[in-house]
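**Student:** Chain residues, written in single-letter form:
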Amino acid sequence: MTAATLLAETCVPRFARGTRLQYDRVREQWFVQAPERAFLADAVAAEILQLVNGKRSLAKIIDQLAEKFSAPRDVIAQDVLSMTQELADKQVLLLA
Amino acid sequence: MTRSAMTKAPPPMSLLAELTHRCPLQCPYCSNPLRLDPRAGELDTATWMRVLDEAAAMGVLQVHFSGGEPMARPDLADLVRHAVSLGLYTNLITSGVLLNRDSLKVLSDAGLDHIQLSFQDADAQEGERIGGMAGAQAKKLEAARLIVEDGLPLTLNFVIHRQNAERVPAMLDLAEQLGARRVEIAHTQYYGWGLLNRDALLPDRAQLEATEQAVAAARTRFGNRLAIDFVTPDYYAERPKPCMGGWGQRFLNISPSGKVLPCHAAESIPGLTFPSVTEESLEAIWQDSPLFNLYRGTDWMPQPCQSCAFKEDDWGGCRCQALALAGQADATDPVCHRAPAHDRIAQAIAERPATPPAFRYRRYSNTV
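Heads up: the sequence lines are chains B and S, in that order.
Using UniProt numbering, the first residue of the first sequence is number 1, and each one after it goes up by one.
Using UniProt numbering, the first residue of the second sequence is number 1, and each one after it goes up by one.
Worth flagging that the hints you see were computed from the coordinates, not collected in a lab.
Even for Gly, the Cβ is constructed at its ideal location relative to N, Cα and C.
There may be inaccurate statements among the hints.
What the hints assert, rightly or not - With beta-carbon atoms standing in for the labels, derived distance ranges:
hint: 1; chain 1: B; residue 1: LEU40; chain 2: S; residue 2: ASP229; range: 17 to 25 angstroms
hint: 2; chain 1: B; residue 1: GLN29; chain 2: S; residue 2: ALA358; range: 46 to 54 angstroms
hint: 3; chain 1: B; residue 1: LYS60; chain 2: S; residue 2: GLY87; range: 25 to 33 angstroms
hint: 4; chain 1: B; residue 1: VAL44; chain 2: S; residue 2: PRO357; range: 55 to 63 angstroms
hint: 5; chain 1: S; residue 1: GLY271; chain 2: B; residue 2: GLN29; range: 37 to 45 angstroms
hint: 6; chain 1: S; residue 1: ALA138; chain 2: B; residue 2: ASP89; range: 17 to 25 angstroms
hint: 7; chain 1: B; residue 1: ARG14; chain 2: S; residue 2: ALA358; range: 28 to 36 angstroms
hint: 8; chain 1: B; residue 1: ARG14; chain 2: S; residue 2: GLY327; range: 51 to 59 angstroms
hint: 9; chain 1: B; residue 1: ALA96; chain 2: S; residue 2: ARG50; range: 26 to 34 angstroms
Whenever a hint applies, use it, and build me the whole structure from the sequences.
**Tutor:** What follows is the structure in structure tokens.
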């Protein structure tokens, strides 16, 4: 089963309380801050998570990234949906 | 061997701020040192504020406000607010017995990110006996309820030992009932007070395995709803833990009086000089102090660590445990099955009395 079969693009992701995306100026890297741990957000995750604001749907996020990177929409969608599912499983993102 | 002046240590990820050693509880496995810092020696608010400034500038990402009981400090919310303004992730590690609706609201409004609430047991009577505080359990349950009601993410922390191990399933149920997001089932670590009380605390292998099974069953049942962190008792492990992620690699601890330590138990190692935030900057201490460079990296390692393939995975294990069991802080952690002193572990397990002796409670008056 792939993430794409689980998540609808109409979902609106938001950060759970106690989690956030943060740019670390010392290491020059993005981190996801969460209870008891900070984990590194890779370049793809950082691009996606910067668009998570509790208002944008996954479809909107995919559209914006496809345009920004002039990339095929289905490739971007795969990344966005699988990463959103993974972070929802880790209780970092909530889906509405 | 000293580190080359050209290489800098990586910046620390997290800071454990032990604001005070005062605590209404007296748990016999407390992670505080046997020699507790008195109230009169505690850092003032302005110094803690400066320490937080320095920590954020160095690259610390998370600050854990701990103690003792950090809520015994009236300036806790001011420190949280300041840390939040610096972009630090703020975690409160509390017993919950001083938490009420008003004190929680002040912390929540200050921007606190997360609370880790300790329980000594799922059973009230046993929990209060272990923690040495009558009436504590009801206060903790109320604290959990208020935290969840506020919406702050809650982690419950249980320290496991021979006198409560059988109730791990009940502890996991309690975490679920209270609406915790995470639960830590952490077997006792044997330094300081824990080592002093080892015979009263060390479980047998059957007890350990029962706790592992309870955690595995709960993981299946909870799925992603409730994360479980399980910390094994390293006396029953084959390989040592990478203590603190390596000495001076990721972690800083500041004691109530301002001493800067690579781990909370480092003061048990004799003959060392502990630098203080009242005398030097945090950056200078982290990068250049003899203490932080003493066991940093791999140059200091003896055999069999030096030729071991895992030396940058476990960093030779725990220095305080090496000192406590092998008599030398720079020995291979005796937990390692390849360590020359590994037999001390088997000996401690074999000499464990059938009936646990009375606790030596963590009190200023019991300090040795």
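**Student:** Hints first: check each against the structure and report whether it holds.
**Tutor:** How the hints compare with the structure:
{"no.": "1", "hint": "B:LEU40 / S:ASP229: 17 to 25 angstroms", "in the structure": "19 angstroms, holds"}
{"no.": "2", "hint": "B:GLN29 / S:ALA358: 46 to 54 angstroms", "in the structure": "51 angstroms, holds"}
{"no.": "3", "hint": "B:LYS60 / S:GLY87: 25 to 33 angstroms", "in the structure": "27 angstroms, holds"}
{"no.": "4", "hint": "B:VAL44 / S:PRO357: 55 to 63 angstroms", "in the structure": "56 angstroms, holds"}
{"no.": "5", "hint": "S:GLY271 / B:GLN29: 37 to 45 angstroms", "in the structure": "38 angstroms, holds"}
{"no.": "6", "hint": "S:ALA138 / B:ASP89: 17 to 25 angstroms", "in the structure": "35 angstroms, violated"}
{"no.": "7", "hint": "B:ARG14 / S:ALA358: 28 to 36 angstroms", "in the structure": "51 angstroms, violated"}
{"no.": "8", "hint": "B:ARG14 / S:GLY327: 51 to 59 angstroms", "in the structure": "54 angstroms, holds"}
{"no.": "9", "hint": "B:ALA96 / S:ARG50: 26 to 34 angstroms", "in the structure": "42 angstroms, violated"}
In this structure, the earlier hints numbered 6, 7, 9 are contradicted, and the remaining ones agree with it.
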